[in-house]
Every structure is written in structure tokens, then in C-alpha cells.
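Quick note, the sequences are listed as chains A and B, same order.
Taking my numbering, the leading residue of the first sequence gets 263, the next gets one more, and so forth.
Taking my numbering, the leading residue of the second sequence gets 129, the next gets one more, and so forth.
Some hints could be false.
Claimed, not checked - Lysine-lysine pairs mimicking DSSO-like chemistry, simulated, CA-CA at most 30 Å apart:
1. A:K339 to B:K496
2. A:K717 to A:K729
3. A:K339 to B:K372
No wet-lab data here; the hints were simulated from the structure.
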Amino acid sequence: MSAPYTIVIGLEVHVQLATQSKLFCGCSTKFGAPPNTQTCPVCIGMPGVLPVMNRRAFELALQAATALDCQIASFTKWDRKNYYYPDLPKGYQISQFDLPFSHAGHLDIDDPDSPGNSHRVGIIRVHLEEDAGKSMHDEVAGQADSRIDLNRTGTPLLEIVTEPDLRSPQQAHVFLNEMKLLLTYLGVSDCNMQEGSLRVDANINLHIDADGEKVATPIVEVKNMNSFRAVERALDYEAGRQYDVWQETGQRLGDVPKQTRGWDEAAEVTRGQRHKEESSDYRYFPEPDLAPVTVDDAQRQGVRDVLGELPAALRTRLQQEFALTPYDADVLVGQGRELVDYFLAVAETSGDGRLASNWVQQYVLRTLNEQAIDIGDYGVAAEQLGDLVRRVAAGELDTGRGREVLADMLASGKPAAEVISARGIEQVDASELETLCRELLAANPKIVDDIKAGKQKAVGALIGQAKKMNPNVNPGQVRELCLQLADTM
Amino acid sequence: MSLVDASAAESLAELAAGRVSAVELTEACLAQIDAHDERVGAFLHVRREAALEEAAGIDRRRAAGESLGALAGLSVAIKDNMCLRGETTTCASRMLADFRPPYDATVVDRLRAADAVIIGKTNLDEFAMGGSTENSALGETRNPWDLGRAPGGSSGGSAAAVAARMVPLAVGSDTGGSIRQPAGLCGVTGMKPTYGRVSRRGLVAFASSLDQIGPLARTAEDAALLLEALAGHDPRDATSVPRKVPAYREGLAKPLKGLRVGIVPEQFAAGLDAQVEASVREGLRVLESLGATIREVALPHSAAGVATYYIIAPCEASSNLARYDGAHYGFRSESTEPTRDAHSREEDNPLVSMYRRTRAGGFGAEVKRRIMLGTYALSAGYYDAYYLKALRVRRLIRQDFDRAFAEVDLLAGPVTASSAFELGEKVDDPLAMYLVDLFTVGANLAGIPGISIPCGFDEGGLPIGLQLQAPPFEEECLLRAAHQFQTATDWHQRRPPL
Ligand SMILES: [Zn+2]
Numbered sequence: 263m264s265a266p267y268t269i270v271i272g273l274e275v276h277v278q279l280a281t282q283s284k285l286f287c288g289c290s291t292k293f294g295a296p297p298n299t300q301t302c303p304v305c306i307g308m309p310g311v312l313p314v315m316n317r318r319a320f321e322l323a324l325q326a327a328t329a330l331d332c333q334i335a336s337f338t339k340w341d342r343k344n345y346y347y348p349d350l351p352k353g354y355q356i357s358q359f360d361l362p363f364s365h366a367g368h369l370d371i372d373d374p375d376s377p378g379n380s381h382r383v384g385i386i387r388v389h390l391e392e393d394a395g396k397s398m399h400d401e402v403a404g405q406a407d408s409r410i411d412l413n414r415t416g417t418p419l420l421e422i423v424t425e426p427d428l429r430s431p432q433q434a435h436v437f438l439n440e441m442k443l444l445l446t447y448l449g450v451s452d453c454n455m456q457e458g459s460l461r462v463d464a465n466i467n468l469h470i471d472a473d474g475e476k477v478a479t480p481i482v483e484v485k486n487m488n489s490f491r492a493v494e495r496a497l498d499y500e501a502g503r504q505y506d507v508w509q510e511t512g513q514r515l516g517d518v519p520k521q522t523r524g525w526d527e528a529a530e531v532t533r534g535q536r537h538k539e540e541s542s543d544y545r546y547f548p549e550p551d552l553a554p555v556t557v558d559d560a561q562r563q564g565v566r567d568v569l570g571e572l573p574a575a576l577r578t579r580l581q582q583e584f585a586l587t588p589y590d591a592d593v594l595v596g597q598g599r600e601l602v603d604y605f606l607a608v609a610e611t612s613g614d615g616r617l618a619s620n621w622v623q624q625y626v627l628r629t630l631n632e633q634a635i636d637i638g639d640y641g642v643a644a645e646q647l648g649d650l651v652r653r654v655a656a657g658e659l660d661t662g663r664g665r666e667v668l669a670d671m672l673a674s675g676k677p678a679a680e681v682i683s684a685r686g687i688e689q690v691d692a693s694e695l696e697t698l699c700r701e702l703l704a705a706n707p708k709i710v711d712d713i714k715a716g717k718q719k720a721v722g723a724l725i726g727q728a729k730k731m732n733p734n735v736n737p738g739q740v741r742e743l744c745l746q747l748a749d750t751m
Numbered sequence: 129m130s131l132v133d134a135s136a137a138e139s140l141a142e143l144a145a146g147r148v149s150a151v152e153l154t155e156a157c158l159a160q161i162d163a164h165d166e167r168v169g170a171f172l173h174v175r176r177e178a179a180l181e182e183a184a185g186i187d188r189r190r191a192a193g194e195s196l197g198a199l200a201g202l203s204v205a206i207k208d209n210m211c212l213r214g215e216t217t218t219c220a221s222r223m224l225a226d227f228r229p230p231y232d233a234t235v236v237d238r239l240r241a242a243d244a245v246i247i248g249k250t251n252l253d254e255f256a257m258g259g260s261t262e263n264s265a266l267g268e269t270r271n272p273w274d275l276g277r278a279p280g281g282s283s284g285g286s287a288a289a290v291a292a293r294m295v296p297l298a299v300g301s302d303t304g305g306s307i308r309q310p311a312g313l314c315g316v317t318g319m320k321p322t323y324g325r326v327s328r329r330g331l332v333a334f335a336s337s338l339d340q341i342g343p344l345a346r347t348a349e350d351a352a353l354l355l356e357a358l359a360g361h362d363p364r365d366a367t368s369v370p371r372k373v374p375a376y377r378e379g380l381a382k383p384l385k386g387l388r389v390g391i392v393p394e395q396f397a398a399g400l401d402a403q404v405e406a407s408v409r410e411g412l413r414v415l416e417s418l419g420a421t422i423r424e425v426a427l428p429h430s431a432a433g434v435a436t437y438y439i440i441a442p443c444e445a446s447s448n449l450a451r452y453d454g455a456h457y458g459f460r461s462e463s464t465e466p467t468r469d470a471h472s473r474e475e476d477n478p479l480v481s482m483y484r485r486t487r488a489g490g491f492g493a494e495v496k497r498r499i500m501l502g503t504y505a506l507s508a509g510y511y512d513a514y515y516l517k518a519l520r521v522r523r524l525i526r527q528d529f530d531r532a533f534a535e536v537d538l539l540a541g542p543v544t545a546s547s548a549f550e551l552g553e554k555v556d557d558p559l560a561m562y563l564v565d566l567f568t569v570g571a572n573l574a575g576i577p578g579i580s581i582p583c584g585f586d587e588g589g590l591p592i593g594l595q596l597q598a599p600p601f602e603e604e605c606l607l608r609a610a611h612q613f614q615t616a617t618d619w620h621q622r623r624p625p626l
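The following block holds chain B by itself, in its conformation from the complex (with noise of 0.2 Å):
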């Protein structure tokens, strides 16, 4: 077995027992990415030089036998909207393509402290909006199952990475889908975590209430591993849960028996792809076949999810993204030309023409969509109708899946409708690339945990993805779940035809 085919916590074994060193690992890594990645397009910015000395840095601490922390030598991609310190986090945006911070975010410091090599930063899609990375400014990543197709997204260039067996884990956010939807698609384990499991200072925020940082990784006994030095209370992020964080992978090994599971009828009607719910039948026979015992429980808001989270993301994200006007740092615009008033046509003021021109210039169609629809959403007149309603919606949501869950221990369903579609097929429908979060969303608005995992692949051997949600700070469940799923098949371990 090859060095990048190895799991997280197999080349963990081998550091450990002194058969292979960092800097061996992250060259083989980075010979990976020298191969594939002129194709596949995973990564944004590769730390080529600072990943090696980090990883030699390990390699002479563990020889002089210092204590190392629980990912030492292990490379790990970060999606390119967190913090960096002194290096660029462009969020694929043009906005940011030159913005170096002043501070590393909170994950960053914990990856740090877990002795990781922080190997490089992927793409996404601009500001995370999106779901297939096609909304970069940056560079276009493809599926490394079909070069011809998407990824997914946001987080497509992390779950790319990890597919192409460039990086054993990669850490990405996930605001409607955002990295349980690329996972699906890529054929990777992913996970987002309850919403305040994982600091998100120093993740730029698309929709502070929804954004939460998590794992992807190719096993889910490595997204625990990863998991467990991610999460954790930051008294720097006021959202952020004061609450103890379990050995992840100390429970994995408990057997299901006894677990209950539930499935949305809805989620199997008309619209989902005829393989795909093959596959995740086939995947809930297995569950069963484990222990589970398998029944149906309502989410009678459901389907108004995406309605729901399309009026509260872009409302947080019209302001998020308020602060990038040119004024401080990022984009500006050079043009002294001035600019008129849509209504008056009267000319603008020098400030407001360089607003304008900054934003016009600086922001992809995607993120000026959502900022549209945000800004219109929160207007005087409006807000009760849109925002105020969809916080109603939200609430219901929320209850929906708290009686859903005092009747089961997980949810199981499809991650998405169908297997990955072809670059190019849904950019025009906005509307088309929206519904693909369809059975994300719920998850991000309900702030409960929920990951993908393979569980089977179509006729044209792309993979297709089994989601399973479970309860606020369930995480250690949905992840026993998913390595007692992995013990008993194989699809997480096939690689894509590079």
C-alpha cells in the first residue's frame, strides 16, 4: 500500500512506530498534488516549503522524544476561508485575492497545536456560495471520479484533495451542505458538526447563524480523529458551546445493536435518482443488518427548507459581506470615474462611485445574487414577510426534528438527488444549483450534526452518498454509526481513476 492510500490513523501507527517520518508522508502528499492537481484543481495555494519544514520541525521533536499532539505528521488541506496568518485567504473571491491576515483562526491554532502539517488551502466556491466550486474566481476544480464533472460545494476543493488521496483529511465549512454535499459526491467521509462544536472565529462568515467548521477524511474513524482536535469551546467565538469533547474514537468500536433509526418518506419520493436510492436503501439494509432497527418519522417542514435557508443565508451574508467596500483592505477599485444613482441618475459622490465600483468588480454573479436577495429580504417593508417569517419557519424546522429524534437515534437518508452533474450543467439555473442542498439544509438550520459517507456508486462510477443526521452533540453517534457502516463495506476505500 502506497503511502497516500494509507488512512489518517494507520499513518499515525506508522509515525509512532518510527516506520515512516512527516516529512516522508507530506512528500508523498505533495507528489500526489504534483501529479494530479494540475487536473483535478483541489488546491488554491500549496504550503510546499513551510509544509516540509513543519513536518521536519515533528519529525525532530518526536526523535528527541518530546510529546506530540494527536494529528503530529499528519498533512491536513484547509478550505481557503480561514484565517491564515501573513498568508493569503482569498475565499476564491477576487475581493480577497492579495488579502493576507493578521491571525491564524481558532482551527488553525488547534491544528497547530495538534502538531498537524497545514499542507495547503482549497477552493471553493466564492465566499462559499455555491454548490459545486464553480463560483471560484480562482481556478476550477474538478471531480477527480469524472474530470468532467463537478465536485460539488462549496467545500469541493477539500473533499477533491481527499478523494485524489492528495491529503488523508482536510477541514472545510459547511453552511447548507457545504461539505457533507462535495463528500457525497466525491465519494469521502464529511461531517458537519452542531453548530457551536467548532470555533468559527477566523472562518470568514457567509451566514454566521449556519456556518459551522468540520472534517472530511476517507474514513470516518479519521474525520473522528480530526473532529477531536477541531472541536472544543473558544470564549472568542460567543457562539461557540462551553462543553467537553468526547473521545471521539474511543466509542467507534461499540456495536449498533439496539440503535434506531429513522427515514423521511419524503426524501424517497419523485426527484431522487432511481441509483441513488438504490444505493441508500442498500445502505439502510446494511445498517440493519448491523444491529439498527429502521423506521419512518416525519420532518413535515421539510420542504420548506430551502425556501428557508435561501432568505436567512443571503439576509446574514448581505451584511457579512458588507465590509468589503475597498475602503480598509482587499479589492479596490482604481476607476475615478464616477458612477450614478440607478433611480436618479444623478452622479455619485467619489465614495459612493468607489464603493460601487469595488463591489462591482470585486464580487462574482453568485455573491452579488445572495447580497441582492439579502439586502432586498431585510428592506423596510419586507422583513417581516421574508426574514421574520423564514425565523418562524426555522423554529418549525427545529421542532421537527426534535420530535423526529425523541422517536429515533439518527436520521438516515440521501445526501443528494443524484450523483455528481457535469461542470457547466447547473450554472444558469441558479435555481437548479439551489435545490441541490435540498437535503442538507435541514441539518444547518436545525444546528444538528450530520455526515455523509459513501455507500455505493451509479452506472457511471461516480459515488453516490448515505447522510445521517443526528441530535445536537450527537457527533459521537453519527460516527460510530458510519465506522460500523465502513467495517462492513468497502466503498469508502475505492479510488477514483486518476
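Extracted from the complex, chain A is given alone in its bound form (with noise of 0.2 Å):
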């Protein structure tokens, strides 16, 4: 039985952008420095600083914005967000507030709820920031001791809104998924979470149909979730919790202010944070300091052609050019675009898409996998993996033959031809294959009996003794010549 409401979540999602420098000084955004070694007076809020934009920055954020099919506006500026902390050095953000750079976008995704069918998510706006620093509470012997690290304060940061389309923690775990795809293969992210340079936060209600009326519970907005499947679990563990409140106390949206709950791993629960009587008042105003940024449509033009191929179109395209199944297409879309450009480069050489598929997924990607590298380091050449796929499909070896050779491939650094001939691997002639086959048929008239009475699996025999008389026939030719000789005996 399904359950007896519809969840509903929007996402917020803080993507640092992979600039060199800071979003308005030139210090670097490296990550894992000492604490507080890149910083300059204007990141750290000296008196009489001013800001600078960086634009590239601005130029990355577009990036993503129209790859998210965003509107870009013609006139964006900057706000203040004005609350003291102190991790936050000027004691306000640069951010955007009511004229953000892009709105209105969205991203289609599998529906895993629906398998086969796309799922349009929504993006209510797309607007550049600044990040604020890290705090990092020592709480040792009683001592509430607080260090601030600044070496993030200033990173570009963009943060993407959603509009509350998803509704399962299912499709906001596939939207974060495709989501980050997208902005990897545009390189305007890294998007590593453990580093922070990706950040969720979600709001959760439900939907509940109670005796013919529509009920909404009280949104809440749930943090602290360090990776995709936390918050999967996370809003799994929050819509369950919500309808049994729901059932406890009749609460509906508006009834109660909206709540923040924190994600706690380990015990697998939401935990109510403390939340302020009023609702902050960040009191935004115009950045007077920075002047605003105007974008016209050649300027868009200019994005939108250096945008290259994106995941959804790269997925049609492996399907229609190379016949592969819509599963094949996205695991090596998945992959990212590096992986694709090798699979691509494989598929031209052999001639084989779908071969070049299932040997890049069963082979390389095992290797890269169980090797931790990524297919910059993986040490066979494309055009090498190609023309060993090639000789596979032509027949000139087996699968298993196949595998060695690129297993020496690997290990030498040689090419096919190389490894192949190195080996004495050589494509047996008709009239050889033949000759071999009827000399084994000969030696095991039993097998050639069983064949006759329809136990066309007798055959396997004959193929091991074959390719011990000679390690270079094919199995399945030995195995087709054999079942069609043994019927003419």
C-alpha cells in the first residue's frame, strides 16, 4: 500500500565554484591550507577594504545557470546580508538578493519513482555569494573555545533553489546526482561534499489526504546532511516523523513556525535546533561598493557556445549512435566526461559501439575502480583498447583471449598488435579449424552421439580440448563448426 500522503521537497543547494581566486580578492581558493594563510585584508574585512568583482567567477556561475536552462538577467547587483558571527569578518555577505543574476530554470531527471519516465525539477533562481569562513568549536575541559579559520571566507559560492517539485527522497537523491553531473561537466565545480565545496539543505512537508481534504504539515528545513544518501535517508527518516505528528498532534502549515532540524548520522534521526523567537531580519540593501553587472545576448550567446556537450544530450546521443541501452548510456555518462571521451575514441577505432561499451564498463572501469585512479592515469591509450576491440569483433580472438592481452597490454605498455603477436596469437584459417574439429569429433564419438540425441551442451568438452591442441581458435567458432559437423556424421 502506498502511503496516504505526497511528499513534498525543495532543494538549496551551495556549490563552491572552481575559481582560482577568491570571489572579490585575489587570494587562492585552495583547498586544505593552514588555516588563515590565504587571506588578505579585503577577505578578512579590514577597515577601508572594497571589493573587486572576480569574473570569472561570474563567468562559471552563467555557465551554470544556462545549463540549467536559467533566464539570465540583463541587470543583476549585489545586496548585503547583513548578521554578525565570526566567522563572517565584515559582519556581511555579499550575496544576491531581489535581482539575481538568473531565475526560472530546470533540470529533467530519471525518475526513479517511474523508471523510463523524466522528472522536471524546477529551479526558482541561481545567485553568486560569498562563503563565509569556518568556525571550529574546541570544547575541551569545559572550555568553549572557538577557532576561526578564514582561508574560505570570499570563495564564490552559487546557490541553486529548487522549487518544491520533488517528492521522494528518492528524486532528490537522482536530482542531486544529475545536478552534480551537470556542473562537473561543465568544471564549474568540483562538488566535493567532504571538502564543502557542495552543500544541501532541503525542505520537507507533507501532502496528507485525510478524509477527502488536502492537510499540509509544517515545512521543515533539514540540515547537516554530508552526503546524497544522508539525505535520502535524512527526508526518508523526516516524512515518517512528520506524518506521525501529523497523526499525534493535527499540526498543520502555519500553525507552528518553521522548524530547522539537523541530520544526526550516527543515530539515524532529525534533531530539533535551536531556533530564535523572531525569524532573522538580514536587512539587505544594494552592495554601494561594487557596481552592478550588466549581460547582453552576446554575452549569453558566448555561454551557451562554450558549454560543449551536457549529460542529457550525451546520453541520447551513445543511444542513437552506437545502439546502446539507456542503462549503458548512463553509467558512462555518469562517469563524467573524461570517461566518455575514452569510450568515444574506443567506439570510433573498433568500429563497435556496444562492444567498446562492455569492455570499457567490464574492464577499465574495473580497473579503475579497483585501482582508485582515474582514466587520465588508467595505462591503455584509447586507440590501443580500440583496436584490441576491434580484433575482437572481427573474430581474430575470443573475449577470454581478449582479456590477456589487454591484462599485458596494461602491465607492458604495448600496443595489441604487439602484446597479440608477442603471444602467438593468430587467427586460425577455415581449413585449419576444420581439420581440428573433425580430428576432436573423430577422437570422442560419445560426445558426437550425445550431439545427435539433442545435448547440444556435450559440445563444451570439445572446446576446452580445443584450444589446449590450439590456444588460437575461437570457442565459438570450435563450437559452431563442431554441433554442425557432428550432424553430418
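Dock the two chains into a complex; use the hints.
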């Protein structure tokens, strides 16, 4: 039985842009430097400093928003969001309030709740802002000492806000995967959640069908989720919790102030976070230190021109050009642009897209996973693998021998042809093969009888023998020929 | 004529001719400071050794035949809200009493590049908020013409230093009149350039959309000299304008024949001191005698200027001054006693208590007043009625100036409604103090340049200022009119009775 309610989820995603320097100063954005070594008077908010916009950050932001099919505003401005916190040295964050640079986009996902169908998730807005620093709280021996690291302060951050279009925690998970894939294809962010370059908050409530009446439960904002899996599990938990609370209290949207809850990974529960009585008033106003930014049609077109092929289009092309299944296309595209390029080269050299896909997925990906390396570090060039796959496709050698050859290629770095001849692999010609099969059948009358009696499986025993007699024979061909010849005996 | 009476332009000629050295000029300024600054209180910090060293370096380079900057060997005082690397930059606030910035303001870079001798940092109203320099937490400045009176503000220290001949040139900042008003009250020449003409980088922000750095000097020619050194595009200030800096001094000699000067009748209405009016009208006749024509123009929204200014400036200030929270630099309250929330009476957490105590102890009353005004005006529910409305009126005020400048080349009128007021006279009446800015805030709201030049003295011997305003980037025209005025008058030559 399906749940007696609809889950309504909207996401707010913060993504650090992959710029060399910060949004308003020249400091490095590199992750992992010793605390407070990547700062300057501007990003630590010294008296008298002024921000200067990083054009590259704005370009990357435009690319991301364009790829999310957002409208790019002709005129956008910066605003100050005022609040006090030690990791915010100016006492305000430079952000965008009422005129974000982009709005009204969408991202289509493969609907996990209805496989084979796509689900459109609206994007309310994408805006650019500066990141705050990091507070680290040491609570040793009852002392509540806080330390502040301002290395991250001023890093360009993209805030992506979705419409409440997600109807299940699984959809939220798939959406995040797809968005991360898109942004990594664009190269606008590395989307590394562990390093904090991608952060997700979720708003969730339920629409309950109560005796024919639609009832909405209070919206809860869920924070502290450290992986996409955690997002899914937190939302699963939260949906159940909200239903329980509704059954217990009957509280509807508007009855209580919006609550913020944090995901406790270890306990697998969300917990209420202390909230202030009044909602925070950020006293936004236009940032007087920065000029508004204008974007014209030529710039919009320029951005579209550099986007390249995006994941959705690439999946379609792989299916159409190489007759891959949607599943295979998705697996390849999901591995990132570099692996897709590798596959494309293998497919082109080998002339067989489906076989290339099999080889890349089964052998290349396995090695990458085992050795935890990227395709760029894989030891066999795409053209060499393509050459090997072409020979397999042509029947020059069978899959098993092909795998051995690939292992040698990987170990020696030698091209396919060289490994093949070194191993003495050569194609067995038709008359040679026929002679070999006839010899085998003659030596195994019992098997011939079995075959004639319809037990085709019996031929398997011959294939092993054939390979011992000549390692170059193609097992498939041996099998077929033996069956054929047995019938004529 | 003593060295300190010479104008900057005259001293440059003497330096070039080798008749005086930079060290001698600097020593003369230091001697004047020693003689009078105990009573005047223009300086918060005098760079005695550093200035003499800089001067000696310039003399050496001159002797070696090296090419030197445009201000080589001239002493310049800087308002203490501009960053000087490694040296205290206090903004006359307890909050920054010991603050040493790790970088030089762009204007300091430019002064150094021009081989000026930076002689010290001058007093101001705390964070440039005020019109009398009485809001300084670190010292009292007196008007050199009457030590019982205020020098005006907020660049009161810079104006007093120039008036008292402690220095030929000084740098100030003008957010609502903070250069022009003290220049008027101290009888010197002071100019607020067009917004964006001089880089604000390193000027500790009060109200970012209004702040502008400018020169104070005894003559328009010297002001032109200093502005030429200060002005120019700075890629590190996004509001600075990429526009060539004219050779201001070269155009000064051009006659005023045909210059169209506008006056605004409301500025001569009730409230204007009779002696101020008489001097300003006399000044207008001088301009006419130089070939200018005078006509009336309207600035219909100018009456709303002060109200508009006192919303926009505090709003920006409330945000600009949020960084002084004790967490990263500057003053921090050492008290660990918890504070309480004003409404709930609940105890604050240690961080909030530190914030409250630091800001309560670090800021003076006027700064707190403006932070509260601005915070209120930006709050949810009030934003539209105050901040947004003020922005709309600001636009109308700008349009008024645009229309007026379609008819005239310059506007002329009083700088202030009366001459220098007594110390303490207005400190308990913030509104009266705010109205001192009545004639000057318009230029800041519209972003246009304005200059104040001496045009007479009242019966008490106090100077009276004439304000000229011009369209954006017409500093050349302003300086030319001021210079021509000063060739026909000698008000700017008078010495205060120190
Ligand atoms: Zn920085």
C-alpha cells in the first residue's frame, strides 16, 4: 500500500565555484591550506578595503545557470546580507537578494519512482555570493574556545534553489546526482561534499489526504547532511516523523513557526535545532561598493557556445549513435566527460560501439575502481583498446584471449598488435579449424552421439580440448563448427 | 614671507630653484605644529622622524638629479580615517585607537608616488560622523580663528591644520560636507571631487555611496595641485571611474567671461545669517566682475536633502561598521560578565555578550546613534518607507542638479548658514548639528563636485565660505572659477590670530 500522503521537497544547494581566486580578492581558493594562510585585508574585512568582482567567477556562474536552462538577467546587482558571526569578518555577506543573475530554470531527471520516465525539477533561482569562514569549536575541559579559519571566506559560492518539485527522497537523491554530474561536466565546481564545496539543505513537508481534504504539514528545513545518501535517508526519516507528528497533534502548515532540524548521521534521526523567536532579519540592501553587472545577448550566446555537450544530450547521442541501452549510456555518462571521451575513441577505433561499451564498462571501469584511479591515469590508450576490440569483433581472437591481451597491454604498456604477436596469437584459418574439429569429433564418438541426441551442451567438453590443441582457436567458432560437423556424421 | 606662509605652488618653485630644501620646509611645518598645535589640536599623530627622513630622501634625490614627483618635498597632512601601513589609523575612535592597518590607502600610494612628505594624521569626528570634530574620542580640535569655536567637521583637523599654516596641503574626506564645511568655517579652500574621481580604497568607510576624498589647501591653485596627484582610476575600487585626469593647474588662468552661474533662491531665505548672506552676495558680485553671469535656478527637492542623507548615510554606516565586533582586530571588551537581551532579559551567550560590550565601549554616542538609525531604517517593515523612499528622493535630487546644469555651468551659494559655532554649542542637539549640512549634502547625494572658498569675514573675525558646485567631472571649471575669484580677492590670504 502506498503512503497516505505526498512528500513535497525543495532543495537549496550551495556549490563552490572552481576559480583560482576568491570572489572579491586575489586570495587562493585551494582547499586544505593551514588555517588563515589564504587571506588578505579584503577577505578578512579590514577597515577601508573594497571588493572587486572576479570576472571568472561570474562567467562560471553564467555557465551553470545557462546549463540549468535559467533565464539570465540583463541587469543584476549585489546586496549585503547583514548578520553577526565570527566567521563573517565584515559583519555582512555580499550576496544577491531581489535581482539574482538568473532565475526560472529546470533540470530533468530520470524518475526513480517511475523508471523510464523523466521528471522535471524547476529551479527558482541561481545566484552568486561569497562564502563565510569556518568556525571550529573546541570544547576541552569545559572551556568553549572557538577558532576561526578565514581561508574559505570570500570563496565564490553558487546558491541553487529548486521549486518544491521533488516528491520522494529518492528523487532528491537522483536530482543531486544529476546536478552534480552537470556541474562537473561544466567544470564549474568539483562538487566535493567532503571538502565542503557542495552543501545541501532541504525543505520538506507532507500533503496528507485526510478524509478527502488536503492537509499540509509544517515545513521543516533539514541541515547537516554530509552525503547524497544522507539526504535521502534524512528525508525518509523526516517524512515518517512528520506523519507521526501529524497523527499525534494534527499540526498544519502555519500552526507553528518553520523549524530547522539537523540530521544526526549516527543515530539516523533528525533533531530540532535551537531556533530564535523572531525570524532573522538580514537587512538586505544594495552593496554600494560594487557596480551592478549587465549581461547582453552576445554574452549569453558566448556562454552557450562554451558549454559543450551536457550529460542529457550525451546520453541520447550514445543511444542513437552506438545503439547503447539507456542503462549503458547512463553508466558511461555518469562516469564523467573524460571517460565518455575515452569510450568514444574506443568506439570509433573499434567500429563497434556496443562491444566498446562492454569492454569499457567491464574491464576498464573495473581496473579504475580497483586501483582507485581516474581514466587519465589508465595505462592503455583508447586507440589501443579500440584496436583490440576491433580484433575481437572481427573474430581474430576471442573475449577470453582478448582479456589476457588487455592485461598484458596494461602491464607492459605495449600496443595490442605487439602483445598479440608476442603471445603467438594468430587467426586460425577455416581449413585448419575444420581439420582440428574433425579430429576432435573422431576422437570423441560419445560426444557426437550426445549431440545427435540433441544434447548440444556436450560440445562444451570439446572446446576445452580444442584450446589445448591450438590456443588461437575461437571457442565460438569451434562450437559452431563441431555442432555442424557432428550432425553430418 | 616665512616658509609656512608660502603656498604649495610657491614652495614648489623655491624647491625647484634650490632656494629651499624639503627638510627646511618640513622643519618649518613641524615648528609651526610645535608652536600652535597644543592649542589647536589639529593632529592626532605627527610623524616627526619619518617626515624628516622622507624629506631628506627627497633632497638627496633632487641633488642627484633624479626626477621627482609633482609634490616633491611638500608636507601633506592626512585625515586619520585613511590607512597608513603599519601606523595607527584611528578614525578618532576608541574602537581603532591602536589599530595599525597592514596596507596603504590608494591616496597614500599616490602621495608617496608624488614624493609628498606625509607629516601626520589629523583629527576628525569619530568615523567621520559629525560636523564639528567634537565627536572625536581621541582629542579636541579648535578653530584657529577663535579657539573657543569648533573648526567644523568632520575633516576639522585637516582644515584647522591648513588654516593654522601647519601644513600647506591636507587630505580630507567628504560624505555630507565634511571637507567643504570645515574649509568654510576655517577660511581655507576645500574640495569634494566627483564621486569616483579619487579612489576610496583605504578610506575607512562611513557611507560608501557618499564618501569621497578631496584636497584642502589655502588656495585653489594648491587644491588643483593636490587633486591632480590624488585623482585617477583605481582598479581596486570598483566605484572609481576610468577617466583621464586633466592637468587642473594648466586651465586655471582661463578667464571666466561667459561663465553661467546659477543661484538657488531658497539658499538665501530665512535661516541664513545676514553677515553670511552679505559676504556670499559680495562674492557673487566678484564673479560677475570677472565676466560671469548670474541667474536663478531651482533645486525643488533640495529641502529633502538632509532627511534623505540622514537615512542613506546611517543605513550604509550601520553595515560598514558591523565589522568592529572585537573578534578580529581593534578594541575588544575584556569583561566576561554576561549581558542580557533587552526584550527577553535572558542572559546572552558569551559571544553576544562580547559583541555587546565591545560595541558599547568602543563607539561614541553619535556613532551609536547613526548605527541605530540605519539598522532601524533597513529593518523588515521599515525598509520601503525609509531606505527605498530615500533612494527615490536621491534620484530626484540628482535630476534637479541635471536640470539646473542644463542652464548654468556652476552653482554658487553659501557653504553653511552661519560662521563657526562655539565648542559645545550643538553637541547636545543632534538635529541642529545635522542641519549644518543643509547646503552641502546635495553634492554627495548627486555625486557632483563642490568647492568651498573664503569670501569674507563676519564682525567676529570668523571666516565665511562660498560654495561652488559643478556637473560631474567638471572639477577643472570649479578650480578655475575659484582660482580666478582668488586673484580678485585676498580673503584666502588672511592669517588667523594665533
Ligand atoms: Zn583575500
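Problem - Numbered hints the structure breaks, given as an ascending list - result: none
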